[in-house]
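> Take a look at the letters that make up each chain.
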Amino acid sequence: GNSVTQMEGPVTLSEEAFLTINCTYTATGYPSLFWYVQYPGEGLQLLLKATKADDKGSNKGFEATYRKETTSFHLEKGSVQVSDSAVYFCALSDRGYGGSQGNLIFGKGTKLSVKP
Amino acid sequence: NAGVTQTPKFQVLKTGQSMTLQCAQDMNHEYMSWYRQDPGMGLRLIHYSVGAGITDQGEVPNGYNVSRSTTEDFPLRLLSAAPSQTSVYFCASSLGQGRTYEQYFGPGTRLTVT
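In the order they appear, the protein sequences are chains A and B.
Take 1 as the starting number for the first sequence in the numbering used here and just add one per residue.
Take 117 as the starting number for the second sequence in the numbering used here and just add one per residue.
Please keep in mind that the hints were generated in silico from the structure rather than gathered at the bench.
Built from N, CA and C at the ideal position, the CB exists for glycine as well.
Do not take every clue at face value.
[Stated by the list, open to error] Restraint-style ranges between C-beta atoms, simulated for each label pair:
| id | chain 1 | residue 1 | chain 2 | residue 2 | range |
| --- | --- | --- | --- | --- | --- |
| 1 | B | S185 | A | G78 | 43 to 51 Å |
| 2 | A | Y39 | B | P177 | 25 to 33 Å |
| 3 | A | Y39 | B | S185 | 27 to 35 Å |
| 4 | B | G179 | A | K68 | 36 to 44 Å |
| 5 | A | D54 | B | T228 | 42 to 50 Å |
| 6 | B | G132 | A | E76 | 44 to 52 Å |
| 7 | B | Q133 | A | R67 | 43 to 51 Å |
| 8 | A | G78 | B | G132 | 51 to 59 Å |
| 9 | A | E42 | B | P177 | 37 to 45 Å |
| 10 | B | G212 | A | G29 | 12 to 20 Å |
| 11 | A | D54 | B | S185 | 37 to 45 Å |
| 12 | A | Q45 | B | A168 | 22 to 30 Å |
| 13 | B | L211 | A | T5 | 36 to 44 Å |
| 14 | A | T26 | B | P177 | 21 to 29 Å |
[Claimed, not checked] Calculated from the model, a selection of chain B residues having no Cβ within reach of chain A, i.e. all distances over 10 Å:
| id | residue |
| --- | --- |
| 15 | V128 |
| 16 | T131 |
| 17 | M143 |
| 18 | G169 |
| 19 | Y180 |
| 20 | T187 |
| 21 | P199 |
| 22 | S200 |
| 23 | S210 |
| 24 | T216 |
| 25 | Q219 |
Kindly generate the complete structure, drawing on both the sequences and the hints.
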């Protein structure tokens with residue numbers, strides 16, 4: 001079945017460091033890929049998405065490229081800030097059949113802590 | 117525009133009690149869903165609905181019941197609470213049913229079953 005695997009955390013970085021959070025997926029067909037972020041005590045919010053191969057999603061300095069050949073969607077940011085401390089979830093939305101289309105399948109999440 | 121709202125924010129139940137977690141959205145979204153979040157497990161889909169009067173099961177539906185009588189509301193009922201249902205519950209909605217639509221999440225309900 002469809003699944004998402006993302007790197008285990010927690011990840012601790014100093015401010016202005018480079019961030020990579022790895023995400024790979026298994027899916028039939030052509031899923032859409034997402035990164036959601038969860039700040040402490042809050043619900044999830046969409047960070048970026050890509051809907052087809054070679055698409056690059058970007059937002060708030062974060063980027064991820066949909067790589068079909070490696071089934072990956074790694075999240076990157078060139079210079080992290082303390083305010084980026086959060087839990088990051090990679091997710092896919094499968095094509096499915098009938099009613100299941102659009103359901104999200106999440107990775108386990110990666111907690112990022114950025115120190116000043 | 118409140119987005120997706122959930123009540124209560126926190127709840128403690130005893131084993132065997134029942135309760136309803138409320139979820140409402142004011143964005144006229146057709147698709148709504150419930151997830152549970154457990155440490156090290158990510159979010160798992162409990163039930164979802166593609167419109168009023170239509171619901172279906174997700175990955176972990178056992179012990180939960182849903183109904184969708186209006187577009188705005190999608191309550192989640194725990195029929196007989198068990199300690200294994202201790203979790204954080206998130207409701208989400210999106211404009212349509214399809215793989216490109218962004219889902220909007222509520223702030224969550226933290227449930228403890230003793």
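> None of the hints should be skipped; say for each whether it holds.
Right, here's what the structure says about each hint:
{"no.": "1", "hint": "B:S185 with A:G78: 43 to 51 Å", "verdict": "holds (48 Å)"}
{"no.": "2", "hint": "A:Y39 with B:P177: 25 to 33 Å", "verdict": "holds (29 Å)"}
{"no.": "3", "hint": "A:Y39 with B:S185: 27 to 35 Å", "verdict": "holds (33 Å)"}
{"no.": "4", "hint": "B:G179 with A:K68: 36 to 44 Å", "verdict": "holds (38 Å)"}
{"no.": "5", "hint": "A:D54 with B:T228: 42 to 50 Å", "verdict": "holds (45 Å)"}
{"no.": "6", "hint": "B:G132 with A:E76: 44 to 52 Å", "verdict": "holds (48 Å)"}
{"no.": "7", "hint": "B:Q133 with A:R67: 43 to 51 Å", "verdict": "holds (48 Å)"}
{"no.": "8", "hint": "A:G78 with B:G132: 51 to 59 Å", "verdict": "holds (53 Å)"}
{"no.": "9", "hint": "A:E42 with B:P177: 37 to 45 Å", "verdict": "violated (26 Å)"}
{"no.": "10", "hint": "B:G212 with A:G29: 12 to 20 Å", "verdict": "holds (18 Å)"}
{"no.": "11", "hint": "A:D54 with B:S185: 37 to 45 Å", "verdict": "holds (43 Å)"}
{"no.": "12", "hint": "A:Q45 with B:A168: 22 to 30 Å", "verdict": "holds (26 Å)"}
{"no.": "13", "hint": "B:L211 with A:T5: 36 to 44 Å", "verdict": "violated (29 Å)"}
{"no.": "14", "hint": "A:T26 with B:P177: 21 to 29 Å", "verdict": "holds (23 Å)"}
{"no.": "15", "hint": "V128", "verdict": "holds (18 Å)"}
{"no.": "16", "hint": "T131", "verdict": "holds (27 Å)"}
{"no.": "17", "hint": "M143", "verdict": "holds (14 Å)"}
{"no.": "18", "hint": "G169", "verdict": "holds (13 Å)"}
{"no.": "19", "hint": "Y180", "verdict": "holds (16 Å)"}
{"no.": "20", "hint": "T187", "verdict": "holds (16 Å)"}
{"no.": "21", "hint": "P199", "verdict": "holds (22 Å)"}
{"no.": "22", "hint": "S200", "verdict": "holds (18 Å)"}
{"no.": "23", "hint": "S210", "verdict": "violated (7 Å)"}
{"no.": "24", "hint": "T216", "verdict": "violated (5 Å)"}
{"no.": "25", "hint": "Q219", "verdict": "violated (6 Å)"}
In summary, the structure is inconsistent with hints 9, 13, 23, 24, 25 from the numbered list given earlier, while agreeing with the others.
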